[in-house]
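Asks: Chain by chain, the residues:
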Amino acid sequence: MKRAMGIILTGGKNNRLKELSLERSIAAVPFGGKYRAIDFILSNLVNSGVSNVGVLTQYNIRSLVDHLGSGKEWDLDRKTDGLRIFPPYLSEDGSGWYKGSADAIYHNLTFLERSNEEFVIIAQGHAIYNMDFKPMLEQHVDLDADITIACRNMDDFTENEKKLLGMVEIQDDLRVTDFSEKPLNPKGSMGSMGVYIMKRKFLIELLQNSAAKGHTELVQDIIVRKISTLRIFAYIFNGFWRPLSNIQLYYKTNMELLNPKVRLELLMDRRKIFTKVKDEAPAKYNEEAVVHNSIIADGCIIEGEVENCILFRGVRVKKGAHLKNSLIMQGSCIDENVSLNHCIIDKGVTITGGKTLNGDSEWPLIVGKNVKV
Amino acid sequence: MARKEIVALLLAGGQGSRLGVLTRTIAKPAVLYGGKYRIIDFTLSNCINSNIDTVGVLTQYQPLKLNSHIGIGKPWDLDRMNGGVTILAPYMRTEKGEWYSGTADAIFQNIHYVDEMSPKYVIILSGDHIYKMNYAEMLEYHKSKNADATISVIDVPYEEASRYGIMNTTDNNKIYEFEEKPAQPKCTLASMGIYIFNWDLLKDYLISDHANPTSEHDFGKNIIPQMLADGKNMYAFNYVGYWRDVGTLQAYWESNINLTERIPDFNMFDPYWKIYTPNPVYPAHYIGATGKVEKSIVAEGCMIYGTVRNSVIFPGVTINEGSVIQDSIIMSDSLIGHGVEMYCTILGECSVIGNNVKCGVGEFAPNQYNPKVYDSNITVIGSNTVVPNNAVIGKNVVIDNYITPHDYTTLEIPSGGYLMKGGDVE
Numbered sequence: 005m006k007r008a009m010g011i012i013l014t015g016g017k018n019n020r021l022k023e024l025s026l027e028r029s030i031a032a033v034p035f036g037g038k039y040r041a042i043d044f045i046l047s048n049l050v051n052s053g054v055s056n057v058g059v060l061t062q063y064n065i066r067s068l069v070d071h072l073g074s075g076k077e078w079d080l081d082r083k084t085d086g087l088r089i090f091p092p093y094l095s096e097d098g099s100g101w102y103k104g105s106a107d108a109i110y111h112n113l114t115f116l117e118r119s120n121e122e123f124v125i126i127a128q129g130h131a132i133y134n135m136d137f138k139p140m141l142e143q144h145v146d147l148d149a150d151i152t153i154a155c156r157n158m159d160d161f162t163e164n165e166k167k168l169l170g171m172v173e174i175q176d177d178l179r180v181t182d183f184s185e186k187p188l189n190p191k192g193s194m195g196s197m198g199v200y201i202m203k204r205k206f207l208i209e210l211l212q213n214s215a216a217k218g219h220t221e222l223v224q225d226i227i228v229r230k231i232s233t234l235r236i237f238a239y240i241f242n243g244f245w246r247p248l249s250n251i252q253l254y255y256k257t258n259m260e261l262l263n264p265k266v267r268l269e270l271l272m273d274r275r276k277i278f279t280k281v282k283d284e285a286p287a288k289y290n291e292e293a294v295v296h297n298s299i300i301a302d303g304c305i306i307e308g309e310v311e312n313c314i315l316f317r318g319v320r321v322k323k324g325a326h327l328k329n330s331l332i333m334q335g336s337c338i339d340e341n342v343s344l345n346h347c348i349i350d351k352g353v354t355i356t357g358g359k360t361l362n363g364d365s366e367w368p369l370i371v372g373k374n375v376k377v
Numbered sequence: 023m024a025r026k027e028i029v030a031l032l033l034a035g036g037q038g039s040r041l042g043v044l045t046r047t048i049a050k051p052a053v054l055y056g057g058k059y060r061i062i063d064f065t066l067s068n069c070i071n072s073n074i075d076t077v078g079v080l081t082q083y084q085p086l087k088l089n090s091h092i093g094i095g096k097p098w099d100l101d102r103m104n105g106g107v108t109i110l111a112p113y114m115r116t117e118k119g120e121w122y123s124g125t126a127d128a129i130f131q132n133i134h135y136v137d138e139m140s141p142k143y144v145i146i147l148s149g150d151h152i153y154k155m156n157y158a159e160m161l162e163y164h165k166s167k168n169a170d171a172t173i174s175v176i177d178v179p180y181e182e183a184s185r186y187g188i189m190n191t192t193d194n195n196k197i198y199e200f201e202e203k204p205a206q207p208k209c210t211l212a213s214m215g216i217y218i219f220n221w222d223l224l225k226d227y228l229i230s231d232h233a234n235p236t237s238e239h240d241f242g243k244n245i246i247p248q249m250l251a252d253g254k255n256m257y258a259f260n261y262v263g264y265w266r267d268v269g270t271l272q273a274y275w276e277s278n279i280n281l282t283e284r285i286p287d288f289n290m291f292d293p294y295w296k297i298y299t300p301n302p303v304y305p306a307h308y309i310g311a312t313g314k315v316e317k318s319i320v321a322e323g324c325m326i327y328g329t330v331r332n333s334v335i336f337p338g339v340t341i342n343e344g345s346v347i348q349d350s351i352i353m354s355d356s357l358i359g360h361g362v363e364m365y366c367t368i369l370g371e372c373s374v375i376g377n378n379v380k381c382g383v384g385e386f387a388p389n390q391y392n393p394k395v396y397d398s399n400i401t402v403i404g405s406n407t408v409v410p411n412n413a414v415i416g417k418n419v420v421i422d423n424y425i426t427p428h429d430y431t432t433l434e435i436p437s438g439g440y441l442m443k444g445g446d447v448e
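Residue numbers (the numbering used here), protein chains in the order written: chain V, 5 to 377; chain X, 23 to 448.
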């Protein structure tokens with residue numbers, strides 16, 4: 005699909021992921037034992053044949069830039085095209101921080117102008133899904149749409165969670181008639197996945213017009229305003245999709261990987277999810293290890309009991325430790341006789357011997373990066 | 023090309039015939055090891071961890087897997103503009119092509135490759151061993167002794183010394199005599215097949231050795247003894263640590279299973295000496311609610327619903343409910359059905375074990391196919407092979423690669439039995 009290029013928005017600042025996004029962009033939060041959130045959209049684009057991808061970044065970009073590197077893990081280290089990262093920059097006309105998603109793309113208009121793909125796929129960096137964009141592009145062309153929005157039935161979200169989404173109303177002919185971003189009273193069940201396809205030249209025009217009017221947001225200022233004047237259509241996706249919008253969704257979505265159906269669709273599909281490799285040795289289980297219903301990454305050494313957990317790379321679980329319903333990120337060490345339930349332990353944490361930490365399934369207890377408890 | 027101080031030449035053409043079906047379609051350096059790696063990864067990782075960024079890999083026997091494994095050397099950071107990894111396969115010259123007729127001949131045929139970098143030193147390595155070694159220290163030693171050649175040696179037990187090439191040294195480690203497999207060893211310093219030479223000197227010796235029709239063109243048999251006879255300044259470099267030639271099925275099995283010990287003899291978890299290999303694109307592995315894993319190594323992409331004990335499981339393996347895998351090595355992407363019992367078995371890549379199969383059961387019996395290779399309790403099943411439901415397989419059995427259910431005339435293969443495809447017997 006050399007016909008489309010990709011733009012990934014890695015989001016503004018919010019603290020809905022609490023300590024996890026203090027020092028990293030939401031797109032860079034660790035997920036599922038070895039991934040970071042942005043791996044999913046990057047892999048989706050690459051698996052759909054897109055090889056020209058721009059990542060727009062704003063806050064706490066160090067870990068994201070470190071993770072992406074030259075893009076070689078996604079086969080995006082190319083002579084032509086490949087991966088480009090666009091942090092905000094200062095220029096003569098006083099620009100600086102991106103004021104919104106449209107503003108961010110507008111500031112990098114040169115990237116759009118110099119590319120030569122006919123279409124652009126714009127997507128978010130913090131959603132977990134495995135999707136082929138080729139049929140969506142086909143439908144976009146068939147319906148002669150101005151903009152196509154990927155949508156799905158959001159009934160697998162709670163009413164409260166729906167308030168974090170963009171809810172849409174769709175006619176039988178797939179025409180989108182209403183779009184309400186983060187609605188207070190969500191109606192209906194169709195929601196936007198934050199993936200848009202349009203012609204590259206059309207996007208350039210839209211951005212130039214809206215910039216002239218001082219508009220900065222892609223959704224509120226462009227799509228919502230033009231819903232009746234533009235041909236905006238929905239493409240219905242039926243698969244698994246979760247945005248890591250707050251800590252509950254983050255925790256829940258990780259735990260959903262323990263469901264074989266979800267794991268197969270997301271991670272074991274022939275459309276593979278690529279990520280930066282760490283060259284760890286395979287995980288090692290000592291005699292005392294008791295592990296049930298858990299995901300264990302390379303480099304772990306386990307001597308304790310682990311149930312319904314996700315252990316990221318290089319985690320140590322010492323003798324007598326008791327881990328339940330928890331996420332333990334890379335390089336953390338759980339000492340002897342520690343008991344954890346409903347916890348999220350960030351990278352490089354040491355939980356010293358005998359401690360007991362209990363969270364709640366709705367409010368998991370978070371231990372921030374590199375601390376010793 | 024820019025001049026390099028040292029170039030590594032890695033001999034990876036060995037067949038490793040005592041690994042039986044494991045090396046029928048791949049060379050020994052390409053055999054899987056340690057739940058994720060291939061044997062050659064250890065030597066390649068040693069090179070890059072020792073700051074050697076120019077490595078020629080000499081292949082000969084069944085090179086396909088090795089070629090695709092090494093590729094352009096990315097996993098080892100050996101994809102370089104200047105240097106990096108180069109596969110050196112035998113090739114046609116003006117009138118005739120020749121296979122590498124010995125280790126020295128292999129280097130002789132690639133003199134021009136080394137000359138391009140005009141290095142001061144070359145280090146000769148083999149891709150057959152499991153070990154971690156800093157070649158930079160050996161080079162420092164070579165320089166400090168102002169040596170013509172330095173040979174890495176390891177202290178072996180006296181009883182085993184007669185299986186190795188033994189270096190007899192004076193007090194300051196200067197080698198005065200080399201004995202190949204001596205019946206009455208004078209000392210226990212065995213050559214590890216790792217040599218550093220001054221390139222200009224080695225080149226002269228390779229050229230004159232090539233001209234000698236009675237020579238076997240072997241480093242141990244010809245080049246080293248000749249240098250000693252000429253009174254060259256040769257030193258032994260003492261290596262202390264884990265070093266294994268996993269060249270027999272028993273040694274291969276023991277070395278792998280030892281990795282599951284609480285403190286294994288060989289540490290793969292050293293953050294300062296990482297072992298690199300192409301990483302398969304798999305998610306972290308999953309242990310099901312019915313799964314049970316004790317004293318084992320499990321790689322990415324596995325799904326374990328059965329019981330695994332004292333075993334090494336490579337990436338992408340599925341072990342279904344009710345199965346027990348014990349003292350076994352299961353290679354990448356194999357599938358174990360339900361209710362399987364498997365003991366002391368080496369199972370190749372991409373193989374399928376049907377439901378309720380029993381494997382490695384009964385009493386030991388000598389192997390009827392090749393008792394020299396298959397001489398232990400270990401049953402070996404090749405890669406891309408299917409074992410049908412309900413089959414019962416004894417100990418010390420060998421089943422070939424690419425066996426389909428149609429190849430079975432009986433579902434019972436007693437201890438010492440075999441099932442081989444037609445064709446050449448190794």
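Hint data in this document are derived by calculation from the structure and do not stem from the laboratory.
Even for Gly, the Cβ is constructed at its ideal location relative to N, Cα and C.
Be aware that a few hints might be false.
Said to hold, decoys possible - Pairs of lysine to any residue residues, derived as SDA-like cross-links and limited to a Cα-Cα distance of at most 25 Å, are as follows:
#, chain 1, residue 1, chain 2, residue 2
1, V, K276, X, P302
2, X, K254, X, N89
3, V, K280, X, N89
4, X, K87, X, D355
5, X, K317, V, R320
6, X, K314, V, K280
7, V, K322, X, N289
8, V, K265, X, N289
9, V, K376, V, K276
10, V, K265, X, Y327
To be verified - Pair by pair, the computed Cβ-Cβ distance ranges are:
#, chain 1, residue 1, chain 2, residue 2, range
11, V, P91, X, E138, 40 to 46 Å
12, X, A311, V, E366, 19 to 25 Å
13, V, L147, X, N377, 45 to 51 Å
14, V, E23, X, I285, 34 to 40 Å
15, X, Y430, V, G352, 51 to 57 Å
16, X, P302, V, E23, 28 to 34 Å
17, X, S184, V, G73, 32 to 38 Å
18, V, E366, X, N89, 51 to 57 Å
19, V, N189, X, P302, 45 to 51 Å
20, X, N255, V, G352, 25 to 31 Å
21, V, K83, X, S166, 43 to 49 Å
22, X, P302, V, E340, 29 to 35 Å
23, X, E385, V, G352, 41 to 47 Å
24, X, N260, V, W367, 56 to 62 Å
Unchecked claim - Stretch-level coverage of chain V by chain X, calculated; a stretch enters the list once three of its residues show a Cβ under 8 Å from a Cβ in chain X:
#, segment
25, 267 to 278
26, 346 to 356
Asks: Could you tell me which of the hints above the structure violates, numbers in ascending order?
Replies: Failing hints, ascending: 2, 6, 8, 9, 17, 20, 23 and 26.
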